[in-house]
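Residue numbers (numbering that gives the first Met the number 0), protein chains in the order written: chain W, 0 to 473; chain X, 0 to 456.
A couple of the hints might just be wrong.
Unchecked claim - Okay, the calculated beta carbon distance ranges per label pair:
hint, chain 1, residue 1, chain 2, residue 2, range
1, X, Asn293, W, Ser362, 37 to 45 Å
2, X, Ser294, W, Asp367, 32 to 40 Å
3, X, Ala155, W, Asp367, 43 to 51 Å
Unchecked claim - Footprint (simulated), chain X over chain W, 3 or more residues, beta carbon under 8 Å:
hint, region
4, 109-118
5, 150-157
6, 242-253
7, 258-267
8, 458-466
Simulated from the structure, these hints should not be mistaken for lab results. Think of the CB as a built atom: it goes at the ideal place given N, C-alpha and C, for glycine as much as any other residue.
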Amino acid sequence: MLRIIFCFLLIASSVFSKTKTSFRAEPATENGVPVSPKVFYEKNPSALTTTLSVIVMTGSVDDPVEKSGLSNIVAEMVLRGTKKRSRQKFQSELERMGGALSAVVTQDTIQFSGGVIKENTQKFIALLEEALLHPAFTEKDFQELKREILNDILHVKNSNNRLGGLAARREIFKGTPLERPVIGSQSTIEKISLSDVLRKYNDYFDRPKIIFAAASPFPESEMISDFARIWRQFPDGAKPPKRAVKLQIPEKPTLIVIHKPKTSTGSLFFAQGGITAQDPDRYTLKTGNFSFGGEPLVSRLFKTIRGELGWTYAIGSSYASLGGVSNQQGLFSISSTPSVEYTSKTIFKTLEMWKSYLESGLSGDELDLAKDSLINSYPFEFETAEKRVSQKLTSYLYNIPILSPEEFSETIGGINNKKLKSVLKEKHNTQSWLIALVADKDVVAKDLEEFQKDIPQEKRLTISKVYTPDELVN
Amino acid sequence: MNKKSWHILTLATALTFSGVFGADFEKVSDKKLFNGETLSEYKLPNGLKVLLIPRHEAKVLTFQTWFDIGSLDEKMDQKLKKTGLAHLFEHMMFRGTDKYPDGKFDEITSRIGSDKQNATTYFYRTNYYESIPSNQLKKLIELESDRMANLKLDAALLDKEKGAVVGELRRALDNPGRLAWDELNRTVFEVAPFRYTVLGTEEEIKGFTLEEAQYFYKTFYSPNNATVIVVGDTEESELLPLIVKYYGDMKSQEIPRYQMPEEPSQKKERRVEKKHPQATSDILLVGYRIPPVNSPSIVPLSLLSTHLSTGMESRLRKTLVDTGIAVSASCGVSNVPDYLEFSVSLAEKHRAEEAIEIIDREVSLLKSQTIKKEEFERALNQELLSLYGMIEDNSSMANMLGDYLMVSGNYLRGFEIIEEFKKLKPQDLKEAAKNFLKKESRSVVIVRPQSKTSSKG
């Protein structure tokens, strides 16, 4: 909805860290009670801008199931005017000074992120302070926002890739707050009232849940002082609870189709249970996945299904497909976009290659390639001040502190195929796949039948459910 | 020899002998950028151009190779007269040489820790890019120069790559927004090859022969048609000797340059309506013909587009998105092809005609009223914010230089435009609107869902 210019992204590859507490900006305390906020900061003397984020530790996992999208609405409403300034006045002052602010909501955070040309940093922080502490929350702005969000939700029907993810969510997180994306759906947005928004703001915008991150050309002490002033004005509260929901993955390959007539390519999304951010085997699994499907151009999936067979333009696999929650088991997924005549072939080839990977792991060359690449590219994790702040922030939120290059090299270097096979066997299996396919259902059914004509009926993969795009956004 | 003494020797050689005895390279210029950095330009005797901005914040760098060849040239080339080969060929550049057979380029660049490695093709250029740890510079230069000079084109690999490219094309065609954009180019241009898509057609892609690919490579992938751009953790003393060593022996060759057919002047609005089975709501594109990027008129037109579409307070956001008529609305200057483009994704139950009416009203206001000082300041500062954010990233900085070089012949054109913004007055935007945002010089494309009935706009 908003143009995001600056944002300290929570790093999806946050699995690359292990328990260690360096780099953590612990707040000062008096009698065990924090008296200053947590601040993650990097000074960048040559920067022409200040970038910052205020993170509130609550997200869509805290939304009531029937009111999915509430956190997102609260986040957007905070930036829609203050008690002193209308939405129009607030935005025009912000933009006139060369600033931009946007709200990003994940499963367990609301992030207000922005940037400003450095000369106007103080004015920018003052406006942000006003928004965070004194949002207007008017009925008019609320109704306009709901209308905008409903339009955005309906527009998702245009995106085949997103529809596949929506369908997978519906099945895997059924009955939980994660069943719908952070933006919610038509039915849940309609149930949200302005009093829900106020309640959520009052319940969650408090000192223990708020942290700050910034990169700027100014001394750290100046920024900390500004953040502390803002932080102290919030009420006290409770530390955020750690919430997680259980995944519901079918026991055997189950195909659901999102019916889109006349597509010439399908959007194919395989999902299986993944890992938590803190999983002790995360390095091994990420390293294995690099050469199985994680890295475009060199992975086994890419080289075979695109490079050798030419069935798809895009193909890849990931442990963070639907975004991470700090203590939530994520998904492992494989995505591709096969041409319509190769849909069945791609499905079965993917399953076959997964089985082979689980049974044999990687070849020596593949494993060496993954290890070399991960170790050698590690400096990019710290390339800019913004990335260094992101590392610190991710480390704190996921409780997985940062590794030095030497520690990282040692950790990745110690992985071998025996270990990989053992971890794959423990964490994964060949059968438990939910497969979401966005395509023309009739074409898919015919293609599957033709492809499996020599397989006994009871062993065939068939379409178990058909969604329409309208159902998925409702 | 240590790095420092080498540096002095190299500089001395270049300054003394460049252009006289066929020296290793010529230092064309050092330019101080507004952020205090130095951008140096070099040229090898074979015509290869090199741009360098040293940055040492982290031990990484971006290495990009830009070729002055895109889909326009292939359509105008008398031996080809087709589109899609420039793009297909870009894929083939990853398919190996004698020294590094198919797959090895990707494997080695991956192994050395490359980040953001890929390539893109557009109407007027093709670029290849990687970001790597700076201690791997030598290996990367060896690989990049090898595929530029020694690509081994193989019929079987060409056929395999066609499958992936057809997949890419089909995926694009499944996207109603993509159809709208292709249609806009076909509508704005009656004769210029912007009418033809960069990806080509499925028939063209499947029909390309090995001979055509070899001709394309031999003709357009020569050092005098290429620019290497490096931003990051290196210095002239390290980079230039490597460039000379690995690219210096390549031979320059005559590059055919084609005269773009002159587009007849447009006398009245053109309007096209299409349907797309995947569209769920109307998509509207409006293109106003404007002058090329080197024209002074581009400066007020660019700021005008920022005023219209950047930020929550932009006119299009307020009149189209906040009102619930559209899901998104933007406006921007496109260079090569040259037009100012409005792009609107309508909300369901709203029609493109509503957006056209609003755009017309906004354009009419721009022509009749001078925008307020605070609105002007807002647009200018949003441009600065965007520029400052962009140039802090090595890849984005290199992209900006490369793209302006290819589109205008002047890699600093982007910075010049920003400087010229500062000299503008609100009145200049009004004049630009009056001169260029004329109904008779615009093209309108509407893509509707298959099920909706069409209506005349």
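Taking the hints in turn, this is what the structure says about them:
1. Asn293/X / Ser362/W: 37 to 45 Å: 53 Å, violated
2. Ser294/X / Asp367/W: 32 to 40 Å: Since Ser294/X and Asp367/W have Cβ atoms about 54 Å apart, the given range 32 to 40 Å is violated.
3. Ala155/X / Asp367/W: 43 to 51 Å: 28 Å, violated
4. 109-118: holds (count 3)
5. 150-157: As far as the region 150-157 of chain W goes, the hint holds, because 6 residues have Cβ atoms under 8 Å from chain X.
6. 242-253: violated (count 0)
7. 258-267: It holds, with 6 qualifying residues against the three required.
8. 458-466: Result for this restraint: violated, n = 0.
Consistency note: the structure conflicts with the earlier hints numbered 1, 2, 3, 6 and 8.
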